[in-house]
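*Asks:* Residues per chain, in single letters:
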Amino acid sequence: MNILVCIKRVPDIAGSVTVDATGTGIDDSGLGHTMSSHEECAVELAIQTAAATGGTVTVLTVGPAEAVEQLRAAVAVGANDGILVEAADPSVFAPEDIAQIIGDVIRDRAEAGQTFDLVLTGDDAADTGDFQVGIRLAYDLEYPVLTNIQTISVGGTDEGGGPGGDPGSGRIEARGIGPAGTEIFSLGLPAVVAVHEGGVDPRYPSITGRMKAKKAQVVEYDAPEPGTGSLRVRLELPEVKASSVTILGEGPDAAPALVDVLEEIGVIRP
Amino acid sequence: MTMVFVETDPAGEVTLTSAEALTFARKTPQLLPDGGAATSREVSGPPSGSTEGVVIGPLSGAAIAALGRLGVSVIHHLDHPDLAEYSAAAWAQAIVDVAPESGTLLASGTPRGMELMAHAAVRTGARMAANVMAADEDGLLRQVHGGTAFERLRLDGDLQVLTIAGHACTPEETTPVTPEVYDYDLTVAEADLATRAQSTEVEAADDAAGLTSARAVVGAGRGVGSENGFAEVLELVDHLGGALGVSRVVTGLGWRPHAEQVGQTGSRISPDVYIACGISGAIQHMAGIEGAKTLVAINTDEEATMVQRADYAIIGDLHEVVGAVNEEIVRRRG
Ligand SMILES: Cc1cc2nc3c(=O)[nH]c(=O)nc-3n(C[C@H](O)[C@H](O)[C@H](O)COP(=O)(O)OP(=O)(O)OC[C@H]3O[C@@H](n4cnc5c(N)ncnc54)[C@H](O)[C@@H]3O)c2cc1C
Ligand SMILES: Nc1ncnc2c1ncn2[C@@H]1O[C@H](COP(=O)(O)O)[C@@H](O)[C@H]1O
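Top to bottom, those sequences are chains A and B.
In case it helps, UniProt numbering puts the first sequence at residues 1 to 270.
In case it helps, UniProt numbering puts the second sequence at residues 1 to 334.
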């Protein structure tokens, strides 16, 4: 099974941030960059599934030239190759645009002889958190789509009768977190699946993986002009409130003071 | 008109986050780009500028009454055997069938809400904004970068589709109304059932649902030290009849399951008290606890963000402090 994973280069935020000169983005000059944790899990799921079926994993990003770092990071842990759709500033695009761009590239790759049975995204990107590129992409490709998925395995009957069946039968079983418990889906391919972190542990790159990443093939495209365009007017930062903490004390001696607080709130079980 | 997708729990009650979204809809008249004009949809009668609810599946008397207390004048009840199991495409199409042509369609920012609104947005050709915090003359304000920053934006088009960030607003009841309930003769397209859930495995009581509704949550972070370091915090959870919530370091190290994770990529909680033990207070964790009414930090580091942001703090080793708190609770019980 050949799998495409869509990953996005995002700033790695630990502390407070500042808004950049345009007023519409954060100043990421002093920050490292990464991909979202959902996408790290999507890459891991893709690698495991491709290994189980003798397929390949391709990673795609729409981003600045530097985003090739994120593509290479995915190759270092086991992806085969990458696609960079170069957009100097991806923030000018709406989620509709990103979905369209990815859909067009998938169609173009198909013409070039590279097809994907399964397209994975994250549920949401760590920066914009739009929660929709995967779903919009699925509609653009006219594929079925699931979101909030934590694990996938190959197989399932064609009647959609649940797990079982031969690997490579063109179906996967996907499991995700629903409001009442784990929901289990049987999905015919090709399809789009948006992944939520927590079902698998992303692996660390090996030395050979890092070597491979340096030489990995990356197909490059230029992003078109934004069609819809970002709707962002500006970015604002939350007010930093002055600390108003009451220190109840140090060490175990402060325990009675905390129990007083808990009694007052009324949360101690009688 | 503003239409809200209402989630109900297995007991048929309106969920807390849906009550928040309904309150948000009622208290934010600026949501109406059309100024509350009547729509061309076939349902007649609802007063303009009102809030309408959509419920899929069983609709209990308790839910109707609760929606009335939240100011919902019209309930669109979508019930069909093909909607009994969850299928995002089929559910979204059912919502789209009754949605207004202009106005606002919204849901709470839960996984279901996000997924259904995104499908509905595509199917109506609308824009969608996720995790909205506020709406005013200046447009919408939504959380980005995991809550580190807010985005100001304007959606264009006649219909805007939104999800409301968890705990962006506190549920508030109003003068009760008696909602009119509309039932429909729905048709569900076969193609929309391709992604129907086959089954659901119900987990133990300490699942994410328990975490989001608990009145007291004890948080545990890296400071716990190891997989075997949870005895004291779990005893405290028990004394409080509450739930355990953990940081991503804890789930990432495999010490506890992901269902217990609190934060940007975990659950958003709104307990009366959150007791964060050995958690530094990274922005992605704080995003999940904004709804906590009282915040307590137990940490060895006085400078930790969690301590600075807390209402109350104890500086010290969490095992010693939580152990002493448990002893004190037992002692006072006599
Ligand atoms: C895209 C993205 C999404 C994320 N989503 C989430 C999320 O949903 N939830 C989440 O939690 N994180 C999330 N994170 C991770 C987040 O950035 C932090 O890494 C994480 O919250 C830190 O966990 P921690 O506080 O347990 O560990 P640390 O930051 O290592 O803090 C440990 C704390 O314990 C204290 N401590 C140590 N020993 C003791 C002791 N014996 N007694 C008392 N205190 C002690 C230390 O002083 C310190 O304050 C996300 C990150 C990214 C990039
Ligand atoms: N610029 C991009 N390049 C590649 N994939 C993207 C991009 N933007 C979004 N995605 C994918 O779509 C998912 C959802 O993003 P969003 O809807 O923007 O929150 C992300 O987790 C990525 O997998």
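Hints listed in this document are in silico derivations from the structure and should not be mistaken for laboratory results.
Small disclaimer: the values here were computed from a predicted structure and weren't measured.
Some hints here could point you the wrong way.
[As the list claims (entries may be wrong)] Quick partial rundown of chain B residues pointing at chain A, CB under 10 Å, derived from the structure:
(1) Lys27
(2) Arg69
(3) Arg196
(4) Asn228
(5) Gly229
(6) Ala231
(7) Leu234
[What the hints assert, rightly or not] Listed next, with one range per pair, are the computed distances between beta-carbon atoms:
(8) B/Asp158 / A/Gly30: 41 to 47 Å
(9) A/Ser206 / B/Pro10: 53 to 59 Å
(10) B/Glu137 / A/Gly266: 22 to 28 Å
(11) B/Gly61 / A/Gly266: 39 to 45 Å
(12) A/Ser91 / B/Glu137: 37 to 43 Å
(13) A/Thr228 / B/Ala84: 35 to 41 Å
(14) A/Arg234 / B/Glu327: 36 to 42 Å
(15) B/Gly61 / A/Ala180: 20 to 26 Å
(16) A/Ala180 / B/Asp136: 49 to 55 Å
The C-beta atom is built at its ideal place from N, Cα and C for all residues, glycine as well.
*Asks:* Now tell me, hint by hint, if it's right for this structure.
*Replies:* Cross-check of the supplied hints:
1. Lys27: This hint is violated: B/Lys27 lies away from chain A, its Cβ roughly 21 Å from the closest one there, beyond 10 Å.
2. Arg69: violated, 22 Å
3. Arg196: Constraint on B/Arg196 satisfied, holds at 8 Å.
4. Asn228: violated, 20 Å
5. Gly229: With a minimum Cβ separation of about 16 Å from chain A (threshold 10 Å), the hint on B/Gly229 is violated.
6. Ala231: It is violated, given that the least Cβ distance between B/Ala231 and chain A is near 15 Å, above 10 Å.
7. Leu234: At about 14 Å, which exceeds the 10 Å cut-off, the nearest Cβ of chain A leaves the hint on B/Leu234 violated.
8. B/Asp158 / A/Gly30: 41 to 47 Å: holds, 42 Å
9. A/Ser206 / B/Pro10: 53 to 59 Å: violated, 45 Å
10. B/Glu137 / A/Gly266: 22 to 28 Å: This hint is violated: roughly 40 Å between Cβ atoms.
11. B/Gly61 / A/Gly266: 39 to 45 Å: Between B/Gly61 and A/Gly266, where Cβ atoms are some 30 Å apart, the hint is violated.
12. A/Ser91 / B/Glu137: 37 to 43 Å: This hint is violated: roughly 25 Å between Cβ atoms.
13. A/Thr228 / B/Ala84: 35 to 41 Å: holds, 36 Å
14. A/Arg234 / B/Glu327: 36 to 42 Å: The hinted range 36 to 42 Å is violated for A/Arg234 and B/Glu327, with Cβ atoms some 52 Å apart.
15. B/Gly61 / A/Ala180: 20 to 26 Å: holds, 21 Å
16. A/Ala180 / B/Asp136: 49 to 55 Å: Distance hint for A/Ala180, B/Asp136 is violated at roughly 36 Å.
Comparing the model with each numbered hint stated earlier shows that hints 1, 2, 4, 5, 6, 7, 9, 10, 11, 12, 14 and 16 do not hold.
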